[in-house]
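**Student:** Each chain is listed here by its residues.
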Amino acid sequence: DARVTQTPRDKVTEMGQEVTMRCQPILGHNTVFWYRQTMMQGLELLAYFRNRAPLDDSGMPKDRFSAEMPDATLATLKIQPSEPRDSAVYFCASGIRTGEAFFGQGTRLTVV
Amino acid sequence: QKEVEQDPGPLSVPEGAIVSLNCTYSNSAFQYFMWYRQYSRKGPELLMYTYSSGNKEDGRFTAQVDKSSKYISLFIRDSQPSDSATYLCAVRSGNTGKLIFGQGTTLQVKP
Chain G
1 DARVTQTPRD KVTEMGQEVT MRCQPILGHN TVFWYRQTMM QGLELLAYFR NRAPLDDSGM
61 PKDRFSAEMP DATLATLKIQ PSEPRDSAVY FCASGIRTGE AFFGQGTRLT VV
Chain F
113 QKEVEQDPGP LSVPEGAIVS LNCTYSNSAF QYFMWYRQYS RKGPELLMYT YSSGNKEDGR
173 FTAQVDKSSK YISLFIRDSQ PSDSATYLCA VRSGNTGKLI FGQGTTLQVK P
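Chains as they are written, first to last, in our numbering: chain G, 1 to 112; chain F, 113 to 223.
Because the hints were derived from the structure by calculation, they are not lab data. It is possible that some hints are incorrect.
Under the rule of at most 27 Å between Cα atoms (straight-line distance), these lysine-lysine pairs were calculated in the DSSO-like manner [said to hold, decoys possible]: (1) 179(F) with 168(F); (2) 78(G) with 11(G); (3) 168(F) with 114(F); (4) 154(F) with 222(F); (5) 62(G) with 114(F); (6) 62(G) with 78(G); (7) 154(F) with 78(G); (8) 11(G) with 154(F); (9) 114(F) with 179(F).
Covered by chain G, per the in silico footprint, the following chain F stretches (three or more residues, Cβ under 8 Å) [what the hints assert, rightly or not]: (10) 156-168; (11) 196-210; (12) 213-219.
C-beta: ideal position from N, C-alpha, C; glycine also.
Bound-form chain F, shown alone:
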């Protein structure tokens, strides 16, 4: 079993839709949570960083963490064609600093 599970998709939505991306993780030692966006032939770019359970909002993006169920989510409101990319969740151990990624979900937003 992988330490972080993420549905690879692909996910296709119309412009303006609300997008929900999700990951589950297995180890409660993971205490820091991140979402990255990766465009084709580019390095992953940090979108959101959270520590505690609850919601964190940044513009059209909302990251949600539920530590009790080991479940993390990213919501994108009013999705745009420029949001078309691969989205990777990542979890980091508070003890060792180890940073592990999910498989990534490929998102396409159609005009």
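Chain G extracted, bound-state conformation:
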């Protein structure tokens, strides 16, 4: 049963700490998306990759957020330093170039 796996599921951290979220895309998928979901803004696209290369990260605050794909089986999203306004659910999704995208269960981040 192929699925997108995200870790951790929940993260509580103090303001100023570094946070790293990880995503294992479905094997064979060459496109990976990172989204942030809040009640106010809904699902916002932060960044996406094709064949491990970043295509668009315009939705991401560049001063504190970074996204990478060290290899085809791992995507990471880092926040340094974290702030209370970063509290949200972060989703990773994977797919092929123009097809469907499949989501992980998300990382619920709380910054206190």
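Based on these hints, arrange chain F on the given structure of chain G.
**Tutor:** Same frame as chain G, now just chain F:
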């Protein structure tokens, strides 16, 4: 103006009703259209995927796309309490692969 507009609701209907959910989008570069369902504290789950204008049916669900008016719809027949969730429309660019979501509509189906 957002690239995808969707009424957040909430929408409340009695069990058995026909539900109509709608979105509009602004850019004709979006050529692929999806509907997702999201239960509380879960990730979005793909319901329907369409490419061309017209209708696509899957069980009680029908997705409709009108590219000329940039309007997409999801119809749910014989709605059930288990259909209570948030429904998100999504559009994808044929050129860049960028995938953008609407705000989501919260649906409650009352027994």
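**Student:** Decide, hint by hint, whether the structure agrees.
**Tutor:** For each hint, the structure was consulted:
Simply put, residue 179(F) and residue 168(F) have alpha-carbon atoms about 14 Å apart, close enough for the 27 Å limit, and the pair holds. Simply put, residue 78(G) and residue 11(G) have alpha-carbon atoms about 13 Å apart, close enough for the 27 Å limit, and the pair holds. Simply put, residue 168(F) and residue 114(F) have alpha-carbon atoms about 26 Å apart, close enough for the 27 Å limit, and the pair holds. At roughly 21 Å between alpha-carbon atoms, residue 154(F) and residue 222(F) fall within 27 Å of each other, so this suggested pair holds.
Annotation: proposed proximity of residue 62(G) to residue 114(F) holds, straight-line Cα distance about 21 Å (limit 27 Å). Taking the CA atoms of residue 62(G) and residue 78(G), the gap is about 11 Å. The hint holds against a cut of 27 Å. Taking the CA atoms of residue 154(F) and residue 78(G), the gap is about 22 Å. The hint holds against a cut of 27 Å. With a C-alpha separation of about 16 Å, the suggested pairing of residue 11(G) with residue 154(F) holds against the 27 Å cut-off.
Straight-line distance between C-alpha atoms of residue 114(F) and residue 179(F) comes to about 17 Å, which keeps the hinted pair within the 27 Å bound. For the segment 156-168 of chain F, the proposed coverage by chain G is satisfied: 4 residues have a C-beta within less than 8 Å of a C-beta in that chain, meeting the threshold of three. Closer than 8 Å: that is the beta-carbon criterion, and the segment 196-210 of chain F has 7 residues meeting it against chain G, so the requirement of 3 holds. With a threshold of 8 Å between beta carbons, the proposed coverage of the segment 213-219 of chain F by chain G holds, since 4 of its residues qualify and at least three are required.
Hint violations for this structure: none, all hints satisfied.
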